[in-house]
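Here is how the chains run, residue by residue.
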Amino acid sequence: MESLAGTLTFAQSAMPDAFQPTTLAHYLFVSAAMFIIGLIGFLARRNLIIMFLCTELMFQAAGLALIAFSRYYLEHTGQTFVVFVLTVAAAEAALALALVVLLFRTRDSLDADLWDEMKG
Amino acid sequence: MLTPIAELGVARALGALSVSAPEAASGYAPPVVDMAGPWWIGLIPFLPMLGLLLATACAIGGVKSKLPAWLTVGCLAASFAATVLAFFQLNGLPGGGAQVTVWWEWFGLAWGEGEGQRLSANFGFYMDNLTCLWMLFVTGLATMIALYASEYMSHDVGLGYCRFFAAFNLFVFSMSCLVMGDNLLLLFLGWEGVGLCSYLLIGYFYQKPAAVAAAKKAFIVNRIGDLGLVLGVLLTFVHFGTIEYAELFGSDKLVGYLAAIEAGNVDEVPLIAQMIPVLLMIGAFGKSAQLPLYVWLPDAMEGPTPVSALIHAATMVTAGVYLIARMFPVFLLSEWALPVVAWVGALTALLAATIGMAQFDIKRIMAYSTVSQLGYMFCGLAALTSVGGAFHVLTHAFFKATLFLACGAVMHGFAGQLDLRKLSGLSKVPGWRIVSIAMLVGCLNLAGFPFTAGYFSKDMILAESFITPGMAPIGWILLLTAGLTAYYTFRVFFRVFVGPVHYEPGDEHHGDDHGDDDHAHDGHGDGGFHPHAPGWAINLVLAVLAAASIAAAGLYFLGDKGGWVAGMIKDSTAYYPGFAAFTAEAVAHGGEEHAAHGTFLGMDPHKVMYYVSAVVGFVGIGIAAFLHGPKGLGGLLLGGRRRADVSRADGVAAKMGPIPAMAQGKWFVDEFYQFVVVGPLRFFALVFSLIDRLLVDGLVAMFGWLPRWIGGALRPSQSGVLHGYAVGMAGGVVVLLVILALMVFREPADPDADRRDAELIEFESSRVLDRGGPEWTTDADPVEAGAGADLAAQAAVEPPVMGSGS
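Those protein sequence lines, which keep their order, are chains A and B.
Numbering-wise, this note's numbering puts 55 at position 23 of the first sequence, and it's gapless, one number per residue.
Numbering-wise, this note's numbering puts 332 at position 304 of the second sequence, and it's gapless, one number per residue.
These aren't lab readings, by the way, just hints derived from the structure by calculation.
Just so it is clear, CB atoms sit at the ideal spot from N, CA and C, and this is done for glycine as well.
Heads up, some of the hints might be wrong.
[What the hints assert, rightly or not] Covered, in the sense of this in silico footprint (three residues per stretch, anywhere, with C-beta under 8 Å from a C-beta of chain B), are these stretches of chain A:
no., segment
1, 65-75
2, 144-150
[As the list claims (entries may be wrong)] Here are a few chain B residues that sit away from chain A, every Cβ distance over 12 Å (derived from the structure):
no., residue
3, H183
4, G221
5, L224
6, K450
7, P497
8, A581
9, A642
10, G660
11, S717
12, G752
13, Y753
14, A758
[Claimed, not checked] Simulated restraints on C-beta separations:
no., chain 1, residue 1, chain 2, residue 2, range
15, A, F116, B, A758, 17 to 27 Å
16, A, A65, B, M730, 44 to 54 Å
17, B, D725, A, I69, 57 to 67 Å
Isolated chain B, as found in the complex (with noise of 0.2 Å):
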């Protein structure tokens, strides 16, 4: 039962790009697929979707309690255990293969007999390692966030609480739905419910104009790449006739064309099938905040702070990460597309690195930093090596969940407040020991310090990167990147957590537990205003999370080279060795992968790139700490700040022009669009309104007004008096006679009547003539004129006598 693909799982990883020719000649084996999983696959989705239920329920129940957190942290806590359960049964599985478990039937039309007339698509779910890998973390940090958010929330016990967590679960239904759906429709269905849930969930606080354009913003341009979405998918059945990955990924159509690429004949591929990678692309850049559709990630951090966690930070904006590696046999049909995916992965990443540096609200720096980490994810799908891309989502969605929750509690117990220049030194404010020691485990992640885990994961793209032939300038822009990342994540972190102890209340100041209700809103110092210390449900998320984060570093010390992620993606269909120097110049060197080895300045790149990042993120971490940090070991005997609100970077950033004002903000891109894109289309949205307005709705209304005009012009013939009435009946009886005489007695029909008229005349006046007389009677014969015809019978006949018959 072992496919070459097992046999093949060790032969790439880290350091070991010797791919052997005989290998690379059998890249390609479909998965071998099971078609009778275990029924309880099925409880993975389905257990969230109870938590909706009884969420729902507690809302129509009018439960004042924190009971629907539990529920749902029972719920996704039983999915997680059910997703644990799966991954040690499916280790069982040789390698490659993977589990369908069908549910029901959902779609299963058909309109003849041949290929292609048939589209089914079944509630049923796909589960290869691929699928396990991205659930054990969705399921996972589903349930601590759940956790969190249950004290996080908890000032809005009531109806808000149950609306939170049964948007809550469904996300986690349809991201399910969306990972482990076993065809392209469940896929779509789950795509368009986590956008649905972020719409909802951005849109919490409905009572807050920005979080309500927000959503907005969220909703629409996600539309933008669904679009994208949807054609790829119709693409892909109208070409491959299947949309369900099992018929899919073994369909001799694939397999052929991946075979004539291997032998180097790109041309074999129809254009019609290279499409749906780009289609399927421009859905994923939508989902995962890619250029030129990031724009509406940075504004969905208005939601609530878990909701940035889960879904804004960890979970639904990888699903464009995932949805690449799902299909990645499809996305080596192009040329073209996995090298767009990685030029715009660098170029996000280095845009949005650009705009956080400059950013002053902690929370949003987290958002460009997500959508900076999400163009590593893609780099490192586009260099072929999607197990970097896939180690960097697990790592990140570790970290980042760490960061925002971190945030979140410095934002639930400052009220609100989120502005870097208003925050120092919590560290030292009892209470907040945990959520520093998170934080500053989440920013040596992000930071690629040594030996965490984003350090091993962001160093595998990097090096890959630069391996790759064609894409050293790829390597190049992330690794400036990856300095950047160091500098403003450790930015927030010196500037908020360590230094003099200095903090304002944010603008959100609800009342707190400790029960004084003195609290001073003046704003300035520590005076009257008590910071509101983190309670233990979310001391343990983010203990627990911090830990993880620690440990999943340890990851890539298990198992084969590569780690225990490595080891699940070979052995899932996002994986090929063989395709491991497929670019346009492997190709053009006749598959002499060696001589087209990229190297890092003439060195191999997977040895020498452990130091330079490390070197990169060591000099990051340094300017931050030169220019942010405080004076003393705080700032690692670099700093020198002393107050909250000034640091030396005002000095530097004073030096650079109008550069640093660009970047705060944003480099105007939402401008440009605005400009550009929005502008237009409202201008388009006003002239068909008025369109509407006045030439549809006008022509309907004057079908009401006209009979009323009319009616309004002849009322006053209706005058009510009699005498009216009568001479207009008596005005109407002489026009009808008129009319009568003017058509009936002029006989206008008749083409003879001048004629006969003529004649009529001569006889006559000829009988005149002949009496010599003007007395004429009657005795004379009629029939010798002929012509008046008519006239002498008439006269002819004798008429009655009135009066003499009785």
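The following block holds chain A by itself, in its conformation from the complex (with noise of 0.2 Å):
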């Protein structure tokens, strides 16, 4: 923390505030308040559908983090890694998305409470 404040207080103190570079930590805190109103949004509603959409901006925000690291460390295992991480996204979204329309299908409701019976 103390450190990265430190990277913060150097960049801002070495230029003038209107071209401040973008730096790591904008990147982390965009990063972070994605994965934020992921979660935010995983837990507060109900709707099937807005749950995975939320489950995917946190996956991003990860994915970006991964990429703002990358970038910084000038290391490209990173980027590397989330092209894969795009890749199964992209076939777990179509995965998703298809038994959300099949458990529409047989509720014909979205709400995600509606299936609990896995209860113990």
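With the hints as a guide, bring the two chains together.
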């Protein structure tokens, strides 16, 4: 935390405010914001499609953080990994949407709380 | 080849206890053993084994006829024939000799070359005169009783019949192994085998709770004695290094000990060797129903009567006597073993006789009489007259089998009726003449009527008891018991077989051969109930056995003084003339046997005992006739009984207070054992079973229940609702983050953290003060502060500016 804060103040102090470059911290902030929004959305909403989209949001937040770090350390591993993640996410999105359609057809509703057959 | 013992064989007999000094000096000589006995000796035990297999085959084949009985009689008769053959063949051997026939090697273990490091026990047979004597009456009586049982058990033809004869054959096989085995292990096998057969046959009527309880009681009480036997056998092996008779009787140790005792140095025998007879004795007391282990035998009468006759009167219960006779040289090793045997035998004889006097069940009376007579046999052995003991075993086997079989015929014919108050005058009922005569013969023998076999054998024991120093009290007890025996024996005879004819059927009324179905069960008088007279098999066997009982008296006059049995015993290891005066007293007298020679009121017991015991017997019979005899000649003109259920004895008993009731209640020994032994054992069994069920089983069950309880407790957390899981997961992540924050960012593991924190604060505050303003930049040289090195180093690296690289 302190080191990150140090970086930020260094960058801020080195240039005039209007020309401050976007630093790692900005990216991480956006990523964290996306993740929190996705998480809150997932917890708060009951619509299956919305919940699914929220998970996608969290997914992409993680991807963004990965790319940011990758650029920061000038390493390509992170970016490569994100390409894979996107591919898998695309496949998973197709699968999940198909499931959602199937679930909708059985109950005529998108309410996630209607499915509790796995109750212990 | 003649051993010294054969030369001395005639030295000691009834009326001639004049053991001269040189004879006494050479008392013990090991038997001459011929290790190559004829192979067919082994047929004696294995023919009954064949009978067992045949009876089993009959059971499997579902035979519904008397076939198993005839097969059994055939096998046993062949076995008896082989025994007779063995007897004549053995007669050619020098006295004191023995033959060993080994059929196969059974145990041959060796764990070293030294002495006592080899355990060998063969399935071999040791045949000497003692063995032969026992086997003659075992196989002979077994044959006769099997013939009797063929009729007696006829109402059970079918599976039960096969089962009975299978167990019967197994018994004879086991008994043969017990008697003929050439080592103590084979004896033990037979010992347990007869115990098993006894259990199986007592519990033959397994649907009757009393029979099952009696079988269990017999088995368990015998186990107590068997423990002693096992320990005795083990100790024999440990001390003498062998359990084979041929080696044991010839071992230097045993010969040495006996020579030392003869010389008066009893102290030379180590305690461990003295323990052997004491332990073996316990086994003998269990099997031969002596105090304190006699309680199983009277209950064993729940078995079929042929079983009572063969196993619980004639043969198996004499196994204890046989054990002592067989191991007689070993029994001489302890000063205490034989006196204890004598006292136990005498007290058992008296106690059982007093109980027998008060019983009403005639089979029970015979059972107590057996216990009592076994006591006599033990006294006979202990008075160093193994001749008397063995002779009494032989005569008792015949007359007691006769008595039991006669009682059995009554029981069979009167639908299980055994109460002497409900039977009277049977000799006048048509078809019961032979049974009555056989009963009379048996009773005369048991009562010691002059010139019967029982008279001579009992006499021998009585006389020897008075002669043996220190045993006079035992002689008096036995004399008293002889009177009581005569009384209770003839009590049965006068009540049941003479007097007014009256009978009531028992409760085991089964359809008989007469074909009339209108038998009344009213149980009063003889109207409607037709007694079932015995058939040819029972009559034949009774006639033969009664004749044999009479003829046994003739054995007394055969051969040298003391009779044929004396000749047999004197040629075996069970008899040593040199130990005639082996008692503590005799040793104290410095070997002057004559000084210690006991007397009967100053007279020579051998001469006077004939008359004394005859008089005692007459008195007993007279009292029985007075109290129980009917009016007229049937009661010898003394009696006055007019009814079956009332006699003068009732009036006498009424005047004796609680004593008759206590005797009828068997002196409450069973209740005493129940309270002292069985009750506490049951209590401990309950405690242990509770511990087992609650603690042991509880622990095991707990490991089954624990996951179930945990699962049940955690189950509500699985709500099945997606949001529940999501919240749980998010909460978990938060918790993990908090933990991470606490663990990582506090850096508690670094011991210098506090110091460095303090220095950093000091450094920064100094910079703020120096610059005089809040804005602090990185142009300060971090090295000058030293302590803030890592923070400064991190800050010094110029960060890459995102987005400006390309």
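Status of each hint after checking the structure:
1. 65-75: With 3 residues closer than 8 Å to chain B, the segment 65-75 of chain A meets the three-residue bar; holds.
2. 144-150: holds (count 6)
3. H183: holds (68 Å)
4. G221: The assertion about G221 (chain B) holds, with a minimum of 63 Å to chain A.
5. L224: holds (59 Å)
6. K450: Label holds. Min Cβ-Cβ 76 Å, cutoff 12 Å.
7. P497: holds (92 Å)
8. A581: holds (93 Å)
9. A642: Holds: least Cβ distance 96 Å, greater than 12 Å.
10. G660: Answer for G660 (chain B): holds, closest chain A Cβ roughly 97 Å.
11. S717: Holds, since 39 Å exceeds 12 Å.
12. G752: Answer for G752 (chain B): violated, closest chain A Cβ roughly 9 Å.
13. Y753: Contrary to the label, Y753 (chain B) does not stay out of reach of chain A, its closest Cβ about 10 Å off (not over 12 Å).
14. A758: Its Cβ does come within 12 Å of chain A, the nearest being 6 Å, so this is violated.
15. A:F116 / B:A758: 17 to 27 Å: Given a distance of about 26 Å, which is inside 17 to 27 Å, the answer is holds.
16. A:A65 / B:M730: 44 to 54 Å: holds (52 Å)
17. B:D725 / A:I69: 57 to 67 Å: Between D725 (chain B) and I69 (chain A), where Cβ atoms are some 59 Å apart, the hint holds.
Figure legend: structure checked against the earlier numbered hints; hints not met, in rising order: 12, 13 and 14.
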